[in-house]
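Engineer: From first to last, the protein sequence lines stand for chains A and B.
Heads up, the first sequence is in this note's numbering, so the first residue is 1 and it goes up one at a time.
Heads up, the second sequence is in this note's numbering, so the first residue is 1001 and it goes up one at a time.
Hints in this document: simulated from the structure, not taken from any laboratory.
Note that CB positions come from ideal geometry on N, CA and C, so glycine has one too.
Treat each hint with caution, since some may be false.
Short, incomplete list of chain A residues facing chain B, as computed with Cβ under 10 angstroms [stated by the list, open to error]:
| no. | residue |
| --- | --- |
| 1 | Ile16 |
| 2 | Phe20 |
| 3 | Ile24 |
| 4 | Thr28 |
| 5 | Met33 |
| 6 | Gln104 |
| 7 | Gly107 |
| 8 | Asn109 |
| 9 | Met113 |
| 10 | Met115 |
Short, incomplete list of chain B residues facing chain A, as computed with Cβ under 7 angstroms [unchecked claim]:
| no. | residue |
| --- | --- |
| 11 | Leu1020 |
| 12 | Gly1022 |
| 13 | Ile1024 |
| 14 | Val1027 |
| 15 | Arg1048 |
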Amino acid sequence: MQHRLEEIWMTISVGILVVFMIIIGYQTFALGMGPPSHSETIDPQKVEQIAPFDDPGVKEIAENEYEVVMILQSFGFNPSNIEVPVGAEVHFTMTSKDVTHGFQVPGTNINAMVMPGHIQKISHTFKEPGNYLVICNEYCGIGHQAMSTTITVK
Amino acid sequence: METTKTLKTEKPEKYDEKSLKGTIVSVGFVAAVIVVMWVAVFWIYMERV
């Protein structure tokens, strides 16, 4: 009796973990929905001289597909005003010139840590028009609370 | 003396059986909370993709 109950709850416990890992693994590797990566590196002191960060801004790279090249620094985002069309796939390519910053759009899955020396990439499709708030969610200094901007989706 | 020894060995077994039933209910409750919370967070993520 004792062993039977122990077997049941151990099977359930291990089973839950295995199911969670299978779903997360399938999402990450088969559906390409993994967390943002920062495998590429860059010299943080020469950010503005190295492509693509020598020309930050919004660029149309394909039909209904945009790339936003962005530099984060205390205490702002460059470019500060971003405008993209509804339903377009937007690829954010970001780096920091100074300290670690955050790039979060509340209400969406966009949430990335942007570190000096690393290039951070994250993609998102804005399905609804509106003004989306962008905030830095990593404490970056005395003006951290003022570090925000908006993304306009039309 | 022999009767006393037998009783002493039997009692703990019955006590263990009862306490394990309570444990599996508690473990099942915790498991249900974990699963519900995980599914809720997963659903929120998928809604925003």
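Engineer: Which numbered hints turn out to be false for this structure?
Structural biologist: 4, 6, 9, 10 and 12
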